[in-house]
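Trainee: Line order of the protein sequences matches chains S and R.
Heads up: the first sequence is residues 1 to 326, going by my numbering.
Heads up: the second sequence is residues 327 to 652, going by my numbering.
Honestly, the hints are just simulated from the structure, not real lab data.
Note that the structure is predicted; figures quoted are calculated from it, not measured.
Treat the hints with caution; some may be incorrect.
[To be verified] Simulated crosslink set (EDC-like; lysine to aspartate or glutamate; CA at most 20 angstroms straight-line): (1) Lys589/R - Glu274/S; (2) Lys315/S - Asp645/R; (3) Lys107/S - Glu77/S.
Protein chains: 2
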Amino acid sequence: MQDQNSREYLHASGVQKATIIGGGVIGASWAALFLAHGVAVIINDPDPDIADKVKVLIDGAVPALSELGCCTDGMMEKLSFEQDLTKAVAGVDLVQECGPERIDFKKDLWRRIEAASANNTLFLSSSSSIPASAQSGSMQQPERLVIGHPFNPPHLMPLVEVVPVAKSDRTMIARVMDFYRGVGKVPLELKKEIPGFVANRLQAAIFRECMYLVREGIVSIRDLDDIVTNSLGIRWASNGPFLSFHLGGGSGGMAHFVEHLGKGGMEQLWATFESVSFDFRTSRLLIDQAQQFYGDHSIVELAENRDRKQVAILKALDDVSSVDGA
Amino acid sequence: MQDQNSREYLHASGVQKATIIGGGVIGASWAALFLAHGVAVIINDPDPDIADKVKVLIDGAVPALSELGCCTDGMMEKLSFEQDLTKAVAGVDLVQECGPERIDFKKDLWRRIEAASANNTLFLSSSSSIPASAQSGSMQQPERLVIGHPFNPPHLMPLVEVVPVAKSDRTMIARVMDFYRGVGKVPLELKKEIPGFVANRLQAAIFRECMYLVREGIVSIRDLDDIVTNSLGIRWASNGPFLSFHLGGGSGGMAHFVEHLGKGGMEQLWATFESVSFDFRTSRLLIDQAQQFYGDHSIVELAENRDRKQVAILKALDDVSSVDGA
């Protein structure tokens with residue numbers, strides 16, 4: 001995770017010092033990641049107890065970062081806190097915003113950040129639901145603001161969705177991509193803004209069908225989860241949907257898939273899809289089954305179990321990649 | 327993968343000898359798996375060269391099975407071939423059908439298999455698209471036929487979707503489940519028949535949105551694949567969609583997710599979904615991009631790379647599970 005390559009990317013990005021706005025779960029996870037790659041971090045958050053809270057969250061992230069190959073010794077020395085926004089962003093190379101998902105809050109925030117920052121500071125929002133063009137309305141140079149949307153938890157999940165606006169400067173976008181690569185992430189750039197970006201749209205698409213199958217009594221939520229972890233999850237952690245079907249087409253590849261499995265086959269399945277909603281009955285079903293099948297374990301236990309599995313998968317894939325270079 | 331538990335399950339199922347109908351890619355993969363767990367296999371296939379073809383396919387599966395902990399020494403001694411269907415199914419404990427996906431073929435096949443088999447032989451179809459109730463129309467006891475749908479490749483992927491019909495005998499279903507557990511699989515039972523069963527419906531649901539995002543020019547197929555492998559794939563190989571959102575709801579669990587992220591959030595995304603089809607322009611786009619991004623490697627190379635990653639993930643998850651028992 002932290003190697004010669006990532007150091008070169010980080011150097012190319014010019015980022016040595018970053019400010020994180022909001023020390024919640026996402027902000028603290030970003031902070032742990034940045035610190036573990038040698039980037040100094042200032043956290044700006046109005047909560048008077050923020051330092052203690054962030055330190056607990058970072059402590060929770062350190063074992064995984066360490067297991068993934070980061071040097072975490074002494075990293076906390078580069079962490080500081082600054083409640084005054086103007087002071088917090090003065091002289092830093094990058095701002096990663098993780099504040100509340102309220103458009104008015106973000107608009108005002110970016111106006112103030114822009115006014116207090118250097119001309120070449122990178123402006124990134126972690127928002128999952130408010131596009132950059134909607135947050136930047138009060139900025140002098142709205143094209144400076146870019147979405148850098150992590151996949152939770154940011155310190156573990158490789159993906160960062162980078163969503164520029166039409167006028168974003170390409171040199172600046174290149175620095176953003178270099179920075180995220182420099183902290184061990186896999187940044188993917190979306191060509192246009194779209195509600196939910198890509199990962200959350202895909203998640204919503206599959207979840208709609210999951211809800212339908214449970215609502216219709218085909219499977220319980222537990223059986224559905226087990227079906228996914230024992231098939232599609234393993235497939236998609238290895239290859240994405242398109243490459244999977246390119247291989248599913250055998251020696252004829254994607255062309256064979258489209259002709260013989262897509263047209264007719266998949267289109268017939270689509271025709272059987274029905275809409276669902278979080279109506280009372282369906283919501284109740286999900287909540288009751290979550291209690292029935294997962295209620296014996298606390299959320300904390302379940303989350304620790306998830307993180308252990310995710311770290312194991314990341315390490316396993318990293319070992320394979322280092323063999324074949326793919 | 328092959329341990330004391332699996333031997334006990336296999337013993338409970340009473341299956342020592344199985345006939346596989348059709349020695350294609352799926353049939354040979356099942357054969358490799360069954361043999362690696364000590365089950366004798368007879369392959370019934372009209373192709374005069376079937377023995378050579380199957381042996382090549384099994385040889386390809388052995389390294390992965392071995393790496394996953396199966397004892398593959400001497401397993402080929404229990405493999406035989408029999409072109410006469412009546413002789414092939416006489417005296418075996420289980421028939422796993424992997425023939426062509428044609429309803430008339432399957433109806434006639436099961437009529438003949440039933441007439442030539444013992445009363446307690448288990449009848450399983452690998453079909454992904456023809457439900458048991460449609461295949462069993464010419465049988466004396468149609469309720470004996472059950473879907474045992476593997477996820478490709480069967481020797482690697484844990485999932486088997488078991489789909490009984492309403493009248494299926496529960497003792498027989500229990501033997502089916504024991505058998506699949508006995509050969510190291512994770513069988514999940516669907517409560518009702520549904521087109522595509524569960525895994526393929528979920529795959530179709532996500533692929534529809536994947537196609538939409540590529541058609542709209544938001545991302546290339548390569549970027550979409552990389553987004554999935556670096557986020558959702560890892561998540562879903564660890565936890566299924568429901569448990570993921572139960573955890574996504576934080577300390578409030580599923581109830582918090584439904585109220586704060588489902589209603590409104592996810593429902594708003596659903597409202598932006600549009601339909602797609604394998605029309606000429608979209609099909610062309612997928613085929614061209616598959617060539618552009620994956621065309622430098624042969625399908626065989628790409629498939630080997632996929633299998634290496636999948637084996638690595640399976641081993642990693644197996645190690646984690648053996649630590650925490652989850």
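Trainee: Now tell me if each hint is right for this structure.
Mentor: Here is what the structure says about each hint:
1. Lys589/R - Glu274/S: Holds, at about 18 angstroms.
2. Lys315/S - Asp645/R: holds (12 angstroms)
3. Lys107/S - Glu77/S: violated (32 angstroms)
Hint 3 alone, counting from the list given before, is not met by this structure.
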